[in-house]
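Asks: Sequence:
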Amino acid sequence: DSQTDLAAARNAGVADWAVPWGYNAGTPIAQAQPTRLFDSFAAIAAAVLAPSAVPVRRAAGLH
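Just so you know, the numbering used here puts 32 at position 31 of the sequence shown, and the rest follows in order with no gaps.
Since the hints were made in silico from the structure, they are not lab data.
Where is the CB? At the ideal position from N, CA and C, for every residue including glycine.
Where hints are given, some of them may not hold.
Claimed, not checked - The calculated label-pair distances, taken between Cβ atoms and stated as ranges, are:
1. G27 <-> L50: 13 to 21 Å
2. A16 <-> A43: 16 to 24 Å
3. G27 <-> A51: 15 to 23 Å
4. A13 <-> A47: 21 to 29 Å
5. P52 <-> G27: 34 to 42 Å
6. I45 <-> Y24: 30 to 38 Å
Using the sequences and the accompanying hints, generate a full structural model.
Replies: Structure, rendered in structure tokens:
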């Protein structure tokens, strides 16, 4: 992931989870302080599949 990816997530009001692979201009993505930093696809899957791992925010007017 990149700092641009994290900024886009934050601006959209969604959780800014990241992985350390991808292109970030040579800077470790951990320096951008994502909400969660995953080191494997298995860790992502475990977090997504855990019933209470992902906080859900409802948009105004949607139920």
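Asks: Any hints from earlier that this structure breaks? Give me their numbers in increasing order, please.
Replies: 1, 3 and 6
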